[in-house]
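Take these sequences, add in the hints, and give me the full structure.
To convert, note that position 169 of the sequence shown is 169 in full-length UniProt numbering; the numbers rise steadily by one, no gaps.
These are calculated hints, taken from the structure and not from any lab test. Watch out, some of these pointers could steer you wrong.
What the hints assert, rightly or not - With beta-carbon atoms standing in for the labels, derived distance ranges:
(1) Asp-54 x Ala-241: 17 to 25 Å
(2) Arg-65 x Arg-245: 26 to 34 Å
(3) Arg-118 x Ser-270: 38 to 46 Å
(4) Asp-191 x Glu-263: 18 to 26 Å
Small disclaimer: the values here were computed from a predicted structure and weren't measured. Quick reminder that beta carbons are idealized off the backbone N, C-alpha and C, glycines included.
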Amino acid sequence: MVRSRGAGGLEGAADRFGDHRSGGGAATDHPLRGEEGSGREGAGMGTQDDPSRDRALRVRHRPPRTRAAVLVLHGGRAESRSAARPWQLAALRMHPFLRALGAATGHDDVLLGQVRYRNRGWNGAAEDPLRDARRALAELHGLVGDVPVVLLGHSMGGRAALRAADADPVRGVVALAPWCPPGEPVAQLRDRALLVLHGSRDRVTDPGESAAYVSRARAAGARAGLLLLENGDHAMLRHHARWHRTATAAVAHLLAPEAAPCELFARALSAAAPPVLRSAPPAASDAARGPVREPGC
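What follows is the structure, given as structure tokens:
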């Protein structure tokens with residue numbers, strides 16, 4: 001894996017939280033090399049390829065009557081024109097989130113879908129995953145009409161989800177270890193709610209860049225918050241249950257704020273320093289730095 005640029009970890013993210021001076025200019029591409037593998041291991045939920053390869057929306061669950069929808073966007077690479085496939089690790093690592101979302105929503109009236117990428121890479125100005133995300137949203141509208149949508153994206157998929165947040169049906173975004181290079185636009189997030197989850201030991205994308213992004217998003221009028229997962233990694237394998245539980249609670253809250261209150265989300269939106277999810281109570285020296293321990297939603 002390529003190490004992140006700049007100061008990372010808890011201190012680096014806390015230092016850059018509240019500093020939105022990095023706005024403007026063209027976004028620079030982070031390599032993202034080594035983020036995903038291409039093996040077929042882990043075949044399970046939905047690994048069979050859909051014959052309708054021209055569709056950007058892959059429906060994983062459609063209730064008889066759809067009240068809302070969640071679209072999941074997996075990670076990828078900075079540059080790759082090779083075809084994205086559902087058995088690639090970047091796609092497979094989102095399956096536990098889909099299962100957790102299914103359990104949380106009860107499969108009652110929430111459609112669960114995935115954005116199907118044509119290519120594995122972002123590919124500079126082509127912004128291929130963003131184009132695919134917009135196509136998927138259009139297909140979703142044609143399928144179920146006007147329903148509120150929450151986007152859940154990881155890494156490159158987090159970047160695409162944040163960019164697509166200006167689509168009319170999007171109520172909010174949950175971005176997991178997103179790729180947020182300096183200069184990434186935030187104006188599209190005005191009046192949107194977003195929560196960023198980032199592991200402190202991520203060496204592919206930078207939690208400090210996520211902190212700067214959230215700060216700029218707040219300045220642009222977004223209801224934005226950042227949670228740091230102590231010792232969390234980019235693949236979301238370390239402390240995986242915490243990733244799944246926190247992301248699912250945040251999505252459920254965005255879908256139905258009154259029915260699914262999330263104190264942790266509320267703290268992240270208002271905190272002067274990003275709250276830290278820890279596996280053990282913090283030492284006194286940690287508490288003095290500002291980030292606080294939260295039990296979850």
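(message) Is 38 to 46 Å respected by the C-beta to C-beta distance linking Arg-118 and Ser-270?
(response) Holds - the Cβ-Cβ distance for Arg-118 and Ser-270, about 39 Å, lies within 38 to 46 Å.
(request) With respect to the beta-carbon atoms only, verify the hint that Arg-65 and Arg-245 lie 26 to 34 Å apart. (result) For Arg-65 and Arg-245 the Cβ distance comes to about 28 Å; the hint holds.
(request) Evaluate the given range 17 to 25 Å for the C-beta pair formed by Asp-54 and Ala-241. (result) Roughly 37 Å apart at Cβ, these two residues miss the hinted range, so it is violated.
(message) 18 to 26 Å was suggested as the range; check whether the CB atoms of Asp-191 and Glu-263 agree with it.
(response) Given a distance of about 23 Å, which is inside 18 to 26 Å, the answer is holds.
Violated hint: 1 only; the structure is consistent with all others.
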